[in-house]
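S.K.: Given next are the chains, with one letter for each unit.
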Amino acid sequence: MIPPPPTPSVVESLPVLVRADNALPVIDAEEFARLYEANCGLLVSLAVRKFQVPFGDAEGLAHEVFLSYIKRRDEIRELHKWMIGAICNASRHYWRQHSRNIDQLDIEAASTHADPISAHVTDWLTARIAAGEALAGLTPRYRHILRLRYYEGYSVPEIAEELGVTAKYAQKLVTKCLRRAEEFFNASKPGKEK
Amino acid sequence: MKHADDVEHLAECATCRQRFAGTIPFQTGERLARKREFAAAAMRLDRERGDASDVVARVLRETPVAEWPRLADRPALRNNAALEQLSDEVRKRLHRCPTEALAIAKLATGVAELIPSGIYPPLVLAQMRANAWKDRASALRYLARYDEALNAVAIGEQHLAPFAAVEHDRAIVRMVKGMVFLQTSRFDEARPILAECRRVFAEHHDSRRHAHAGIAEGSVLYEMSRYGEAQDIFTGVLDDAIATGDIESQARVHNNLGYCLTHLGDYARANIHFSEAIAKFTDLGFFAEVPRTERGAARVLIGRGQADAGLAYLRAARRDFGSAGLIEEAGFCALSIAALLVECGESAEARALTQNVIDEFTAARLDERAIAAVIRLRDDIDADGATAETVRTVHAFVESLRDEVCGVAN
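Chains P and Z are the protein sequences, given in the same order.
According to my numbering, the first sequence holds residues 1 to 194 in order.
According to my numbering, the second sequence holds residues 1001 to 1410 in order.
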């Protein structure tokens, strides 16, 4: 009885972002070269540090971003934002493509080799367990002090400020905590009576 | 400002960019060669743009449409600047004359495929070819030749496939695919494509295309009757469009929010959004969009039983179509109003309205079969034999005559 509701309007064409009277700012070859120099390091760094793309491949990706920029230059409003977006997307695409080329793991062959991650586990596992037990034996305050000093990287004056004590007393506390931890550590070593 | 290494901050802060970039050594020799290649290619494209002036518009003007395919042989067109101009010509004609747009897009793909490798870096050539195929896909979509449009998209994607750093181009091409899926009711396939395009556009800070992809994704959800989710997306797009000052997108999103809220039963807010859409289209000077929005609002409100609000919009749409000289459209609105009036027993007003339509159609020398149908309707109302269904049947018949004419034109 009632006509069906129409489809909501969708923008049909995709106009260019900015094309001010078809005139691009005139840039000479030196300026293009400067643009490359000024931004190439950033793009390579992003690919390497944020996405772990191997350095040589990251250089290639950064170069591709510059080449793709040329064609879109007239519609890019914010160069750095566009380039950073482009290198992030290029790096993701790189890994999508790269992961397809990784050979399937041969289970039988793999079982005859030691896993490199756990190959030397016996060298440190005992000490790690003992250290864990030693820390567990300390009071929460002592654990907090050792954590600040050796895990968070606080200096002695910073620990003093955190605890509201003098620096001299903070140094004493750290030494005391270490000594207590050492006692627990020695007691928890294999072959020793607790 | 707090300094950090996250990409959002790096995009804003020159100091952090410098610090972040400084941690990686660089391969001087290879980078120098690449820098030279980049500068040379950029200079070439700029030089071509400067030399081309209006070569394409002139050639198209001077050549009969039937001979356009032969223009691919002209050396003056075998460069990036000419292809960009061809792309502009396609875009200008998409709404107005999609068959001509397709003819130009076919010429552009022919030209792009004939450009020999070696003139441009392979990536740039791939972008040029992909863009030409994207335009061809768009024109085919406008002509509802969807399978061919999807084939054209696939060729565009193939050109870009070997390159990692063309995700922006890839999204622009794939956006057409998403739109084809939307128009062919393949919503489950359309949505992930449009969502991915939206993400890529956002990351490239391409705010206009980001808004368009959002509107398309919201429309998919609307078509799937997921009005709440569609409303959420449209609201986000509206916020972005307000932030970037994109008035056209704001107008379209207000209209779409009106549809969603009507379905969600929030008529008061729906009305506010329709009014905003109409005001913005008026500000933009999109005078044909104003009555279309009013007619759309009327239909959806009437469909949800809000006859009074719907009738008000229909009357406004009739008035505005008439002012814009769109007599046929104004007549369709009048027939929709007449159907409602007959349903409410207001036969006298319905009769007067149909007489007005007869006068307007006659003055505009519209199809005589349409005029005869409306005269018959008026007589039926006079004889008290017309129902709302009769009016709607006449409406559908007159509309089919118009579609027949459009079909011949295409």
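There could be a bad hint or two in this list.
Said to hold, decoys possible - Here are the simulated BS3-like pairs of lysine-lysine, each with C-alpha atoms no more than 25 angstroms apart in a straight line: (1) P:Lys-81 with Z:Lys-1092; (2) P:Lys-81 with P:Lys-50; (3) P:Lys-50 with Z:Lys-1092; (4) Z:Lys-1092 with Z:Lys-1106.
Keep in mind the hints are simulated off the structure, nothing from the lab.
S.K.: Does each hint fit the structure? Answer for all of them.
M.R.: Hint check results:
1. P:Lys-81 with Z:Lys-1092: violated (29 angstroms)
2. P:Lys-81 with P:Lys-50: Answer holds: Lys-81 of chain P to Lys-50 of chain P is near 16 angstroms, not above 25 angstroms.
3. P:Lys-50 with Z:Lys-1092: Violated: Lys-50 of chain P and Lys-1092 of chain Z sit about 42 angstroms apart, past 25 angstroms.
4. Z:Lys-1092 with Z:Lys-1106: holds (15 angstroms)
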